[in-house]
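Number of protein chains: 2
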Amino acid sequence: MKTIPSTRRTKVNRLPKRASYDRKTIYKILDSSFVCNIGFNIEGQVYITPTAFGRKDDKVYFHGSNKSRMLQSIKEGKDICISVTLVDGIVLARSAFHHSINYRSVIIFGKPEEIKDADEKSRTLEIIMHQILPGRWDDVRKPSGKELDITSVFSLKINEASAKIRTGMPADDKEDLNLNMWSGIIPLNITAAKPVNNIDLKDNIPLPDYVKKYCSCMNENKLSI
Amino acid sequence: MKTIPSTRRTKVNRLPKRASYDRKTIYKILDSSFVCNIGFNIEGQVYITPTAFGRKDDKVYFHGSNKSRMLQSIKEGKDICISVTLVDGIVLARSAFHHSINYRSVIIFGKPEEIKDADEKSRTLEIIMHQILPGRWDDVRKPSGKELDITSVFSLKINEASAKIRTGMPADDKEDLNLNMWSGIIPLNITAAKPVNNIDLKDNIPLPDYVKKYCSCMNENKLSI
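Those protein sequences? They're chains A and B, same order as listed. Heads up: the first sequence begins at 1 in our numbering, then just goes up one per residue. Heads up: the second sequence begins at 1001 in our numbering, then just goes up one per residue.
Treat the hints as calculated values from the structure; they're not laboratory data. Keep in mind that this is a model prediction, so the values were computed, not measured. Please note that the accuracy of each hint is not assured.
Cβ pair distances, simulated, as ranges [to be verified]: (1) A:K17 to B:G1077: 43 to 53 Å; (2) B:R1008 to A:S65: 16 to 26 Å; (3) B:N1066 to A:E113: 57 to 67 Å; (4) B:N1178 to A:T167: 27 to 37 Å; (5) A:D173 to B:K1067: 37 to 47 Å; (6) A:K17 to B:D1203: 46 to 56 Å; (7) A:K142 to B:D1057: 48 to 58 Å; (8) A:P5 to B:N1178: 15 to 25 Å.
Straight-line alpha carbon distances no greater than 25 Å define the calculated SDA-like cross-link-like pairs of lysine to any residue that follow [unchecked claim]: (9) A:K174 to A:K28; (10) A:K146 to B:H1098; (11) B:K1067 to A:L201; (12) A:K78 to B:R1069; (13) B:K1078 to B:I1101; (14) B:K1067 to A:I101; (15) A:K78 to A:V12; (16) A:K142 to A:K78; (17) A:K142 to B:D1173; (18) A:K213 to B:R1123; (19) B:K1075 to A:R14; (20) B:K1111 to B:D1173; (21) B:K1213 to B:R1069; (22) A:K164 to B:N1198; (23) A:K28 to A:I165; (24) B:K1142 to A:M169.
The C-beta atom is built at its ideal place from N, Cα and C for all residues, glycine as well.
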């Protein structure tokens, strides 16, 4: 399905013109990040844990230690809430009231499923690593059986989700347009700085091409000041 | 108090060496951001809403429309959870298992208080705007009585909070140190691009000094590729 039906939980009530339930739009926002915030409940108290994640097809994947509070709560079978937000700029209107932030955000609700099979766990970790840095997985020492044992891995189907997006210029009231202050946008971007070799890196190990590519993609057209 | 006593909710159980309960550390992380994630409960279901915020002294402040789901829930008097996360870099170990992210995060729990007095509301909006862009408030058309009426404003005392920080190089297992892949860090930064004039900006309105200063501060030492 190209569009995800909105529910009581995902329907954007405030400023509904900023909402999207389109799968492609939702996936594109998710794929522009690799850190989500997972909201969960323990005895009626809300917790939020920032966590790395990956998306493939209609699922998001995340992992954690077997001992973490979040995973204990998830194992109790409650619905969680996953939030991903990208801040794109500061929107400076003439009035304080119309100041805003340009952003792209996604929210997903549902009950995660634990992945227990070792091979499937490993494939999931590959998806998460691919989301963070494409190309890295092929280069690294893969997880051992013991490492997989102490890692809990989960998937969440993107069945109940919505996006909310603000772009463009400030929306000033007509009567403010003649005021004499500056108005516009300060675009914000996440950029990569020069990679730093590990202190114990062996001699003659060059920076991999996928790292160079990642850094130049992150910085393309962005360093315009 | 310089240190905030840890509670069942704020004690960092996983990797406690990354934890800090020091007020200065917590404030510094909060002050490096202006977007938080607010977690709240409606009928046992967790929601997360990304929201602009400001900190002054021992309180964080945020606002929203009177009609938002989040503010309705807060008015019911339940504890919320505020999370702020800054992603500082990708940590590339030799093993998949020891890959990590450098980050600074803060979590705060508590019951927000609504601010109802119009003058106090306006001062709070000033704090939030100062957090986003110092200097801007003096320049803008201040909120009208009507605008204040349709805005709900809240404070949350930083009484129950903790920080979690990861910095530095990957921590590889000894037996992996001789492997031949690259290892190190890709630092990530939020940088400002060139401010964009509003399409309807009047002629001869120059870019304010506080915007220039903000952009150069954001980009200092960061454009190193």
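Cross-check of the supplied hints:
{"no.": "1", "hint": "A:K17 to B:G1077: 43 to 53 Å", "verdict": "violated (32 Å)"}
{"no.": "2", "hint": "B:R1008 to A:S65: 16 to 26 Å", "verdict": "holds (19 Å)"}
{"no.": "3", "hint": "B:N1066 to A:E113: 57 to 67 Å", "verdict": "violated (38 Å)"}
{"no.": "4", "hint": "B:N1178 to A:T167: 27 to 37 Å", "verdict": "violated (49 Å)"}
{"no.": "5", "hint": "A:D173 to B:K1067: 37 to 47 Å", "verdict": "violated (19 Å)"}
{"no.": "6", "hint": "A:K17 to B:D1203: 46 to 56 Å", "verdict": "violated (31 Å)"}
{"no.": "7", "hint": "A:K142 to B:D1057: 48 to 58 Å", "verdict": "holds (49 Å)"}
{"no.": "8", "hint": "A:P5 to B:N1178: 15 to 25 Å", "verdict": "violated (54 Å)"}
{"no.": "9", "hint": "A:K174 to A:K28", "verdict": "violated (35 Å)"}
{"no.": "10", "hint": "A:K146 to B:H1098", "verdict": "holds (13 Å)"}
{"no.": "11", "hint": "B:K1067 to A:L201", "verdict": "violated (55 Å)"}
{"no.": "12", "hint": "A:K78 to B:R1069", "verdict": "holds (21 Å)"}
{"no.": "13", "hint": "B:K1078 to B:I1101", "verdict": "violated (32 Å)"}
{"no.": "14", "hint": "B:K1067 to A:I101", "verdict": "holds (19 Å)"}
{"no.": "15", "hint": "A:K78 to A:V12", "verdict": "holds (22 Å)"}
{"no.": "16", "hint": "A:K142 to A:K78", "verdict": "violated (31 Å)"}
{"no.": "17", "hint": "A:K142 to B:D1173", "verdict": "holds (13 Å)"}
{"no.": "18", "hint": "A:K213 to B:R1123", "verdict": "violated (46 Å)"}
{"no.": "19", "hint": "B:K1075 to A:R14", "verdict": "holds (17 Å)"}
{"no.": "20", "hint": "B:K1111 to B:D1173", "verdict": "violated (43 Å)"}
{"no.": "21", "hint": "B:K1213 to B:R1069", "verdict": "violated (36 Å)"}
{"no.": "22", "hint": "A:K164 to B:N1198", "verdict": "holds (22 Å)"}
{"no.": "23", "hint": "A:K28 to A:I165", "verdict": "holds (12 Å)"}
{"no.": "24", "hint": "B:K1142 to A:M169", "verdict": "holds (19 Å)"}
When each numbered hint is compared with the structure, violations occur for hints 1, 3, 4, 5, 6, 8, 9, 11, 13, 16, 18, 20, 21.
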